[in-house]
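Colleague: Sequence:
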Amino acid sequence: MIVIGLLLVGVNTLLWGVAGLCRVVAQFVAHRRMHRSARLGRPALSLHPSVTRDQVAIVIAAHNEELVLAETLRSAARQVPLRQVFVISDGSSDGTVSLARDAGANVLELSPNRGKAGAIVAGIRHFDLKTHFEVVVLLDADTHLSENYLETGLPLFTDDAVVAVAGRATTLLKPGARSLGGRLLVAYRERVYIAVQLLIKFGQAARSINVVTIVPGFASMYRSRVLELIDIAAPGLTIEDYNMTFEIHARSLGRIAFHPNAAVALTQDPDNFHDYLKQVGRWSLGFWQTVIRHPWQPRKFWLALYLYIAELVTSSILLVLLVPLIALSAASGVFTSLGWNGMVGGFEVAVVISPGVLILGIVIPDYLLTIFAAIVARRPSFLLYGFAFPVLRLIDAALCLHRLPEAIVGESTGAWTSPSRRAPELTSHGRGADGES
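Residue numbers (the UniProt record's numbering): 1 to 437.
In case anyone wonders, no lab produced these hints; they're calculated from the structure.
Computed from a prediction, not measured in an experiment: that's the story for all the values here.
Hints may be right or wrong, so weigh each one.
[Unchecked claim] Pairs of lysine to any residue residues, derived as SDA-like cross-links and limited to a Cα-Cα distance of at most 20 Å, are as follows: (1) K174 with V192; (2) K300 with W283; (3) K130 with D54; (4) K174 with R74; (5) K278 with S179; (6) K130 with K278; (7) K174 with V376; (8) K278 with A398.
[Said to hold, decoys possible] If you anchor each label on the Cβ, the simulated ranges turn out as follows: (9) L180 with G104: 18 to 26 Å; (10) H402 with R33: 15 to 23 Å; (11) L229 with R74: 46 to 54 Å; (12) R78 with T314: 40 to 48 Å; (13) S208 with L325: 35 to 43 Å.
Glycine included, every Cβ here is placed at the ideal spot set by N, Cα and C.
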């Protein structure tokens, strides 16, 4: 029972959670020392100047995104002038191009659809962003940047060794999900974001560790000089962000920085089961494809990666097996109550899994993650939705295992179709429901 609970909470969660706690303590001590030095009149340590806003380009790869692109452009324009925003329309057949041009962004039209990674590469080369900008933000067409995205994210580049800043993902609440099931899916995604980023990624991003597994492609920053050293549009991959992250480690290009209070961005998660399965399956396939593309190296990143893979596969198999095990246990209990002696062909059939093991080993550990997420997000509704989250974890596990064989024997062109989007909610004054004009 303890082993089951540990696997479902995660050895990685405990390991990197402790590393993250050490980071918090170290930052607190450094902050206290800085204030003590200031009181004593000692000069602060000099740092290299951080990147300024006029050195930042924002690149948005878009495929038929007219429904959400306007709000994303307004969000980008609060960070930099629109002349520093570059929209790459990847085979769009709707009003994506005209909308971006009318807003004042730079636009590159591509045809046919070559995939997000190919669009990013084409945009970087066409506009020669390496020559004109120090940092490139890769932004999805449905992403809204927090008001202080650059203000908090750019200082992480003060360390010259940092070549990428992983944005912190959080769920875009407005427009809201269109059904109760949709709200459940969105809440679950937010719980995943909180658990992975605060309990795992923060520890992995410690200066002396540097084993971050993914710089999310929805809203992250790269030094422009390293982008030409990364095989962004590697053939046969469904998604690009895992591969770009692995390339940084494989080529020893530098450090990946992440802080939960820096470079925060909001993304629109699927609110219907079809799109949810499609998105999570695509992420799983892209992860396995990237792992296969980058063979083992005797470095700490690969040690951390394969520790994660071992736990991922083991816990996924365990979760998938729970369904037949629980069914067998229930059937055994029913037959026993009807007088069955537990013998089949001379062999005794025992109850496979007891309700106590199920509750203490699976439900409670999972619900503890939900409580943590509810506190962090300040969303009490998670406490209600949390009773259904183990089912969604089971679905994620099944998708993870299902996509592994496809990654081994199949390939992908990278061509993409965006999931269905929720249109911005407008008031009678033409402003967004969240108050944005």
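Colleague: Against the structure, test the hints numbered earlier, and report the numbers of the ones violated in rising order.
Modeller: 2, 6, 9, 10, 11
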